[in-house]
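K.L.:
Listed below are the residues making up each chain.
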Amino acid sequence: MTGIINYGAGNIFSLTAALDRLKIPYGMISKPEDFDQYDRYIIPGVGHAGAAMKKLNETGLVPIIKNLSKPVLGICVGMQLLTDFSEEGDSVLTGITPVKTLLFREDLKLKVPHMGWNRVKQETNNPLFKGMAPASYFYFVHSYFIEFNPTFTIASADYGLKFSAAIQKQNFYGVQFHPEKSGEAGETLLKNFSKI
Amino acid sequence: MVSKRIIPCLDVKEGRTVKGVNFVDLRDAGDPVELAWQYSQQGADELVFLDITATHERRKTMVELVKAVARNVNIPFTIGGGINEIADADILLNSGADKISINSAAVRNPGLIDELAAAFGKQFVVIAVDTRYHDGKNLVHLNGGRIATEIETKNWIKEAEERGAGEILLTSMDHDGTKNGFDNPLLKKINDAVSIPLIASGGAGSMQHFTDVFQQSNVDAALAASVFHYGEIRIPDLKKELRNNNILVRD
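Protein sequence lines, in the order shown, are assigned to chains A and B.
Heads up: the first sequence is residues 1 to 196, going by the UniProt record's numbering.
Heads up: the second sequence is residues 1 to 251, going by the UniProt record's numbering.
I should point out that these hints are in silico values taken from the structure, not numbers from a laboratory.
A couple of the hints might just be wrong.
Residues from chain A shown here face chain B by an in silico Cβ test under 10 Å; the list is partial [as the list claims (entries may be wrong)]: (1) I12; (2) P25; (3) Y38; (4) V77; (5) F85; (6) G89; (7) S91; (8) E106; (9) Y139.
With a Cα cut of at most 25 Å, we get these calculated DSS-like pairs of lysine-lysine [what the hints assert, rightly or not]: (10) A:K169 / A:K195; (11) A:K109 / B:K67; (12) A:K191 / B:K67; (13) A:K111 / B:K188.
Restraint-style ranges between C-beta atoms, simulated for each label pair [claimed, not checked]: (14) B:S195 / A:V92: 25 to 33 Å; (15) B:P236 / A:K162: 28 to 36 Å; (16) A:D90 / B:S195: 17 to 25 Å; (17) A:L103 / B:Q216: 26 to 34 Å; (18) A:K70 / B:I147: 32 to 40 Å; (19) B:D28 / A:M1: 56 to 64 Å; (20) B:G231 / A:P63: 55 to 63 Å; (21) A:D90 / B:P236: 42 to 50 Å; (22) A:R21 / B:E115: 31 to 39 Å; (23) A:K109 / B:P110: 25 to 33 Å.
Glycine included, each C-beta is placed from N, C-alpha and C at the ideal position.
Only chain A is shown next, with the shape it has when bound in the complex (with noise of 0.2 Å):
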């Protein structure tokens, strides 16, 4: 069973909608004693990366999130709090994952948000990614992205530069896309991180 840990980084109903429509059991973690009870965790995320990671120290669950063991996978802003460091506010982040969260600079004259459906292509031969077209299409929405990096990035995608779409450091997965909207692709991974 997944537990999604609830830390207030708001929007949880549509995560845990798109595990109902996929029949994927749930529950919700708030304190250190219900870690035990689940074999993978999800920790959502959207909004401001420094706030969000201010919310998470103050459930005081972040020294357990570092030492898990079983799987867990980040979203979003959830992704960007497993490295470790944010240029959004400056932020110090779990430093899970040694890379770093940068803003999408005005001098790639680009719209931000990056926000759309954009082609994820897949860097290595990722469980998350089992059973998908090669380059499949994901929903996006942030301002800041993750730095390429050709130790952890499972998957990039395009934005003026070549980015983190997924990432992974031994038990620990992150996608900056959302995969609860991005139609069926979201829902295979999803499902794929479910048997992981």
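Let chain A serve as the given structure and place chain B on it in line with the hints.
P.N.:
Relative to the frame of chain A, chain B by itself:
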């Protein structure tokens, strides 16, 4: 790169779709959730619901609609209509809405844009603008277009962007309902002036009009209602046509 989005717009009142719908496969053409699901299956990239409910129960009906859509549909959607304060937005976010659209309330109280962006992030805040050409100027109109203002459309959109709008939905009232095509010169002018996504609305009558709006104004998305509801344009055909014209759209 990010693909161009095709967005059907559904007008709802008391939880039912208002504009006539002429789909063959629908069990209940008035059910916005079933219609939304059909559009998602056809390849719509996103949906917009405009709630024109007038009763004091409106917030409750909006929340029920948003929850039902979020439960059943796997693409993003925006809800608009009568959102006046942070509390309205908060309950819609927590019911599964990806974005809210604000129109007249933002013009009357521009500080609302700052408050919403600070509370929920820019990506949640769509500013809808109804504009009509008058004496050499494009002027912002309120209350579904019934009230003219003296505010120049481009100036207002720039202000909305600076205050924290994450996206602009621009409807040309001169083109809306004509089926003669989008207002491409105006859309290009606005698109060149902003660095947030712009959705074109008003005037879609044929597939060529969608090609034209993307090629001539480079907007990020195009919205339409009746051509989709009456089955005059099928989304898979439209996307094929756009692809044939080298416009990047989702498969």
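K.L.:
Any hints from earlier that this structure breaks? Give me their numbers in increasing order, please.
P.N.:
Per hint list: 2, 3, 5, 6, 7, 11, 18, 19 violated.
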